[in-house]
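Engineer: Sequence:
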Amino acid sequence: MCSVFLQIGQGGNQIGQSFFDAVGINAESNKCSCIYQHHDQKLRSINVDSEWKTVTALKKNQLIRANNIIHGLCGRGNNWAMGYYGLNDPQEKDILQKTLQSVRKESER
29 MCSVFLQIGQ GGNQIGQSFF DAVGINAESN KCSCIYQHHD QKLRSINVDS EWKTVTALKK
89 NQLIRANNII HGLCGRGNNW AMGYYGLNDP QEKDILQKTL QSVRKESER
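Residue numbers for the sequence shown follow my numbering, so the first one is 29 and each next one is one higher.
In case anyone wonders, no lab produced these hints; they're calculated from the structure. Treat the numbers as computed from the prediction; the structure is a model and nothing was measured. For glycine and all other residues, C-beta sits at the position ideal for the given N, C-alpha and C. Be a bit skeptical, because a hint or two may be false.
Said to hold, decoys possible - Calculated cross-link-like contacts (lysine to aspartate or glutamate; reagent style EDC-like; alpha-carbon spacing at most 20 Å):
(1) 81 x 122
(2) 87 x 68
(3) 126 x 136
(4) 88 x 122
(5) 126 x 49
(6) 81 x 68
(7) 88 x 68
(8) 121 x 79
(9) 133 x 122
(10) 70 x 122
(11) 133 x 49
(12) 133 x 68
To be verified - Cβ pair distances, simulated, as ranges:
(13) 43 x 88: 18 to 24 Å
(14) 30 x 85: 20 to 26 Å
(15) 121 x 69: 19 to 25 Å
Just need the whole structure built from these sequences, with the hints factored in.
Structural biologist: Following this line, the structure appears as structure tokens:
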């Protein structure tokens with residue numbers, strides 16, 4: 029059984045990238061590692077942030093599936109309540125649903 033890595037927020041995405049950089053050296057020589065999907069060699073990660081700027085650089089990474097990068101339109105300014113309850117904008121409210129759908133799809137692969 030393999031793992032699906034869920035990286036949430038700026039801190040989670042930065043720590044996750046450092047983790048993949050650290051273990052990626054060993055995993056490159058062994059593509060059967062559980063951090064990669066076997067058929068397309070993509071990382072088994074889902075990257076979520078309310079601000080698009082944090083995850084923009086991840087879109088350039090060929091190892092990350094573009095559908096697994098989920099972002100909102102504006103940040104939450106370190107306000108936990110805004111992050112938890114979201115904004116009144118309908119486009120911002122579906123971040124949770126998109127994340128859950130990506131977790132389901134990635135775990136079924």
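Engineer: Hint by hint, note whether the structure agrees.
Structural biologist: Tested hints:
1. This hinted pair checks out: residue 81 and residue 122 have alpha carbons roughly 18 Å apart, not beyond 20 Å.
2. Between residue 87 and residue 68 the CA atoms are separated by roughly 16 Å; this keeps the pair inside 20 Å, and the hint holds.
3. A hinted pair counts as satisfied when its Cα atoms are at most 20 Å apart, and residue 126 with residue 136 qualifies at roughly 15 Å.
4. Between residue 88 and residue 122 the CA atoms are separated by roughly 24 Å; this puts the pair beyond 20 Å, and the hint is violated.
5. For the given pair, residue 126 sits about 26 Å from residue 49 by alpha-carbon distance, which is inconsistent with the 20 Å threshold.
6. The straight-line distance between the Cα atoms of residue 81 and residue 68 is roughly 27 Å, outside the 20 Å bound, and the hint therefore fails.
7. A threshold of 20 Å between alpha carbons decides the hint, and for residue 88 with residue 68 the separation of about 17 Å falls inside it, so the pair holds.
8. For the hint pairing residue 121 with residue 79, the CA-to-CA distance comes to about 13 Å; that is within 20 Å, so the pair holds.
9. Between the alpha carbons of residue 133 and residue 122 the distance comes to roughly 16 Å, so the proposed pair stays at or under 20 Å and holds.
10. Between the alpha carbons of residue 70 and residue 122 the distance comes to roughly 25 Å, so the proposed pair goes past 20 Å and is violated.
11. The straight-line distance between the Cα atoms of residue 133 and residue 49 is roughly 24 Å, outside the 20 Å bound, and the hint therefore fails.
12. The straight-line distance between the Cα atoms of residue 133 and residue 68 is roughly 15 Å, inside the 20 Å bound, and the hint therefore holds.
13. At about 19 Å, the CB distance of residue 43 to residue 88 agrees with the hint of 18 to 24 Å.
14. Between residue 30 and residue 85 the beta carbon distance is about 25 Å. The supplied range of 20 to 26 Å therefore holds.
15. In this structure the hint that residue 121 and residue 69 lie 19 to 25 Å apart at CB is violated, the actual value being about 34 Å.
In this structure, the earlier hints numbered 4, 5, 6, 10, 11 and 15 are contradicted, and the remaining ones agree with it.
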